[in-house]
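Protein chains in written order, with this note's numbering: chain U, 1 to 194; chain L, 1 to 437.
If you're looking for bench data, these hints aren't it; they were derived computationally from the structure. Model, not experiment: these values are computed from the prediction. For every residue, glycine included, the Cβ atom is placed at its ideal position computed from N, Cα and C. Accuracy of the hints is not assured; some may be wrong.
[Said to hold, decoys possible] Stretch-level coverage of chain L by chain U, calculated; a stretch enters the list once three of its residues show a Cβ under 8 Å from a Cβ in chain U: (1) 49 to 57; (2) 67 to 74; (3) 346 to 360.
[Stated by the list, open to error] So the derived list for chain U, only partly shown, Cβ under 10 Å to chain L, looks like this: (4) Glu5; (5) Arg28; (6) Gly32; (7) Arg35; (8) Glu50; (9) Leu67; (10) Ser109; (11) Leu155; (12) Met160.
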Amino acid sequence: MISDETLMLEFQGGSRDAFEQLYARYQRRLCGFFRRRLANPARSEDLTQETFLAVIHGAATYQPRALFRTYLYAIAMNSLLAERRKQSRDSTGGEAAVDAAVRPAHDESLWIRQALQRLEPVEREVLMLREYEQLTYAEIAELLSLPVNTVRSRLFRARMALKQLLQGSSDRKGVAVGVTTIRMNQNFKGACDA
Amino acid sequence: MRKDDHYVGQVEEVMAYLDGELSLDRAQVVATHLQDCEKCQSIADDLRNVCEEMHAWQLEPADVAMSSELAAALEQQEIAAQDQRERRWLPWLKRPQGRLPWTLVYGSAVLAVVVLFAALWTPHLAKGPVQSAARTAESNMQFSRAPEQGRIASEAVLPPAPVASAGADRDRLAPPTHSISVEVSRALAFDSANAAPSAAQGQSVAAVTRTPMIVHTAQLTVVASDFDSARASMDDILKRHGGYVSEMTTTAPEQGERELTARLHIPAPQLDAALTEFKKLGRVEHESQNGEEVTSQFVDLEARLGNARNSEQRLTELLRNRTGKLDDVLQVEEKISETRGDIERMEAQRKSLLTSVDFATLSITLKQERKAQLQVSPPSIGTRFHNAAVDGFTALADGVIGFLEVLLSIGPSLLLWGAVLFFPARWAWRRRHRVAS
Chain U
1 MISDETLMLE
11 FQGGSRDAFE
21 QLYARYQRRL
31 CGFFRRRLAN
41 PARSEDLTQE
51 TFLAVIHGAA
61 TYQPRALFRT
71 YLYAIAMNSL
81 LAERRKQSRD
91 STGGEAAVDA
101 AVRPAHDESL
111 WIRQALQRLE
121 PVEREVLMLR
131 EYEQLTYAEI
141 AELLSLPVNT
151 VRSRLFRARM
161 ALKQLLQGSS
171 DRKGVAVGVT
181 TIRMNQNFKG
191 ACDA
Chain L
1 MRKDDHYVGQ
11 VEEVMAYLDG
21 ELSLDRAQVV
31 ATHLQDCEKC
41 QSIADDLRNV
51 CEEMHAWQLE
61 PADVAMSSEL
71 AAALEQQEIA
81 AQDQRERRWL
91 PWLKRPQGRL
101 PWTLVYGSAV
111 LAVVVLFAAL
121 WTPHLAKGPV
131 QSAARTAESN
141 MQFSRAPEQG
151 RIASEAVLPP
161 APVASAGADR
171 DRLAPPTHSI
181 SVEVSRALAF
191 DSANAAPSAA
201 QGQSVAAVTR
211 TPMIVHTAQL
221 TVVASDFDSA
231 RASMDDILKR
241 HGGYVSEMTT
251 TAPEQGEREL
261 TARLHIPAPQ
271 LDAALTEFKK
281 LGRVEHESQN
291 GEEVTSQFVD
301 LEARLGNARN
311 SEQRLTELLR
321 NRTGKLDDVL
331 QVEEKISETR
341 GDIERMEAQR
351 KSLLTSVDFA
361 TLSITLKQER
371 KAQLQVSPPS
381 IGTRFHNAAV
391 DGFTALADGV
401 IGFLEVLLSI
411 GPSLLLWGAV
421 LFFPARWAWR
431 RRHRVAS
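With these hints in hand, go ahead and build the complete structure from the sequences.
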C-alpha cells in the first residue's frame with residue numbers, strides 16, 4: 001500500500017489519481033471529525049470539502065516533514081476553529097460543541113456525548129483525537145502545540161474524568177431504565193387484566 | 001516500578017502501555033508490573049472500559065462526494081503542476097544563444113557522422129537521395145571549417161573567377177556564383193523577416209552552406225594629374241555601379257596637393273568593374289584586396305536566431321494558455337522581453353552581415369599630383385610700400401607694447417627699491433656735497 005506521503009508527493013507532481021486515493025482514504029474520517037464536533041452535518045461535509053480544497057491549494061508548498069495525516073488534521077483543526085469563531089460571532093444557532101444539537105441515534109452515545117461535553121475543552125480534544133481519530137501522542141502534541149508529556153497527562157485526566165462522569169450517568173441511566181421497565185410491566189399487567 | 005508507590009507518572013505509563021505508546025523495554029517493565037499489581041490492573045480495566053464506552057458513539061458512514069469546486073481546483077492544480085514541470089526548462093530557454101547552439105552543433109555532428117558511416121559502409125544505401133544527403137553533409141563540413149580552409153574548399157569546388165583585370169589574389173577570392181550568394185542572402189533576409197522561422201531557417205542554412213558568404217574589402221590609392229575631373233569621374237563611377245559613400249574627407253592645403261579619402265560601398269558583383277574604372281583615374285600608388293568568409297558565422301547566427309524565435313513563441317504560448325501566480329506571469333513576461341531583445345540584436349547583426357556581404361567596402365584615396373610652382377613675378381611698388389608701412393606700424397606697435405610690458409613687469413620692483421634707497425642716497429650725496437664745499 002502506498003503511503004499517504006508518497007501519494008501527496010505524487011499529487012504535487014500533478015497526479016490526480018493520487019489525490020483521489022487520498023480523498024477516498026480520508027473523506028469519511030474527516031467528515032466524522034467534523035460531525036463529532038459540529039451540530040450541522042451539512043456544514044461538516046462543507047468543511048470536509050474545504051479541508052481538501054486547502055490541501056490542493058497548499059500542494060505546491062507541501063513538504064513531507066511530518067505525516068500527511070497530521071498535516072490534514074491540522075488543516076481540519078484550523079477550519080474547525082474558524083467555523084467556531086464564525087458561529088460564536090453569528091450566535092444564531094449557537095455552537096453545539098460536541099453534540100448538543102446532534103440528535104441522538106442511540107441512548108448509549110447520548111451518555112457519551114453528554115459526558116464528553118462536560119470535560120475541559122483541551123482534555124476533550126486530546127481524548128477525542130486519540131479515541132476517534134486514532135492519533136498517536138506525538139501527533140496530538142504536534143496538532144495542539146503541546147508537549148508530549150502534557151498530552152499524556154491530559155489524556156489520563158480526561159479518561160479518568162470521563163470514567164467518573166460515565167459512572168454517574170450510568171447510575172442515572174440505570175434508574176431511568178428501571179422506571180421504564182416498571183412502566184412497561186405495569187402496562188403489560190394492565191393489558192392482561194383488561 | 002514498585003507496587004506500593006503509584007504516583008501519577010506511573011499510572012500514566014500504564015495508560016501509555018495500553019495505548020502502545022511505550023518503548024519496548026518500558027513496555028516489558030510495565031507488563032511485568034501489571035501481572036502482580038492489582039491497583040494497576042484496576043486502572044487498566046477502567047481505562048479499557050472508558051475506551052469501550054467511548055466507541056459506543058459510532059457515526060453512520062456517509063460518503064462525501066467531491067464537489068464541483070474541489071474538482072475545479074484539482075484541475076487547476078494539474079495545470080499548475082504541468083506549468084511547474086515546463087518551468088524547469090525555462091533556464092534552457094532563457095539563454096538559447098549559450099546552450100542550445102552547442103546542443104545543435106553536437107547533434108549535427110553526430111548526425112553527420114552517422115550519415116557518413118552509413119554512406120561508406122553500405123554502398124547500396126549510398127545511391128539516390130541518401131548519397132546526395134551525404135554529399136551535402138560533406139560539403140557542409142567543408143564549409144564549416146576555419147575561414148582559410150573554407151576558402152581553399154571553395155576554390156576546389158568552384159571554377160576560377162572570370163575577371164581578367166584583377167590580380168591573382170582577386171581571382172582566388174572572388175567566387176563566380178557571387179550573384180547567387182547575394183540573391184540567396186536577400187531571400188534569406190526576406191524569409192527571416194516575414195516567413196515562418198523554422199522552415200526558412202532550414203532552407204536558408206542549407207542554401208548558404210552551399211555557397212560561401214564572403215565579405216570583400218579593398219584599398220586603392222590613385223594619384224591623379226587632374227584632381228577635379230578625377231573627383232567628378234569618381235562620382236560618376238560610383239553612381240553607375242549603384243554604390244554609395246559612407247565617409248568622405250577632402251583636404252586642400254595652401255602650399256600642398258589636395259587629397260580625398262573616402263569609404264565607398266559598391267555591390268559586391270560590381271566591385272571588379274568599379275575597381276578597373278577607378279584605376280583609370282590616374283596612377284595607382286597602392287592597391288590591396290581582402291576577402292573574409294563569414295558562412296559559419298552566418299549559419300551560427302541563423303541557428304541562434306531560430307532558437308530564440310522558437311523560445312519566444314513557446315513563452316508566448318505559455319503566457320497565453322496558462323494561468324498562474326502574478327510572480328510567475330511577470331517572470332515569463334521578463335523572459336519574453338529578454339528573448340525579444342536577443343532576437344532584435346541578432347537580427348541587426350544578421351542584417352549588418354548581409355549588407356557586408358552584399359556590398360564590398362572600398363577605401364579609396366585620391367591624391368593630386370604634385371606640381372612645383374615657380375614665383376616669377378615680383379610684387380608691385382605699391383604693394384611693397386604698403387607692406388613696408390604695415391611692417392613699420394607693426395614694429396612700432398610691437399615696441400610700444402614691449403616697453404609697456406617691461407615697465408609693468410619691473411615697475412613695482414623699481415618703485416620699491418627707489419623708495420628704500422632714496423634717503424640713504426640723499427644723505428650720502430649731501431654729506432659728500434658738504435665735505436666738498
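Hints, verified against the model:
Taking a C-beta to C-beta cut-off of 8 Å, the stretch 49 to 57 of chain L contributes 8 residues in contact with chain U, enough for the three needed, and the coverage statement holds. Against chain U, the stretch 67 to 74 of chain L contributes 5 residues with a C-beta closer than 8 Å to a partner C-beta. That satisfies the three-residue criterion, and the hint holds. Residues of the stretch 346 to 360 of chain L with a Cβ under 8 Å from some Cβ of chain U number 0, which does not satisfy the need for three, so the listed coverage is violated. With 10 Å as the threshold, the beta carbon of Glu5 (chain U) stays out of range of chain L, its nearest partner Cβ sitting at about 17 Å, so the hint is violated.
The beta carbon of Arg28 (chain U) comes within 6 Å of a beta carbon in chain L, closer than 10 Å, and the hint placing it at the interface holds. The interface hint given for Gly32 (chain U) holds, since its Cβ lies 5 Å from the closest Cβ of chain L, which is under the 10 Å cut-off. With its C-beta approaching chain L no nearer than about 6 Å, Arg35 (chain U) sits inside the 10 Å limit, and its interface hint holds. Interface restraint check: Glu50 (chain U) against chain L, minimum CB-CB distance 9 Å, threshold 10 Å, status holds.
With its C-beta approaching chain L no nearer than about 15 Å, Leu67 (chain U) sits outside the 10 Å limit, and its interface hint is violated. For Ser109 (chain U), the interface hint holds, the least distance from its beta-carbon to any beta-carbon of chain L being 4 Å, beneath 10 Å. For the restraint placing Leu155 (chain U) at the interface with chain L, the shortest Cβ-Cβ distance is roughly 7 Å, inside the 10 Å limit, so the hint holds. A least Cβ separation of about 8 Å between Met160 (chain U) and chain L falls short of the 10 Å threshold, and the interface hint therefore holds.
In this structure, the earlier hints numbered 3, 4, 9 are contradicted, and the remaining ones agree with it.
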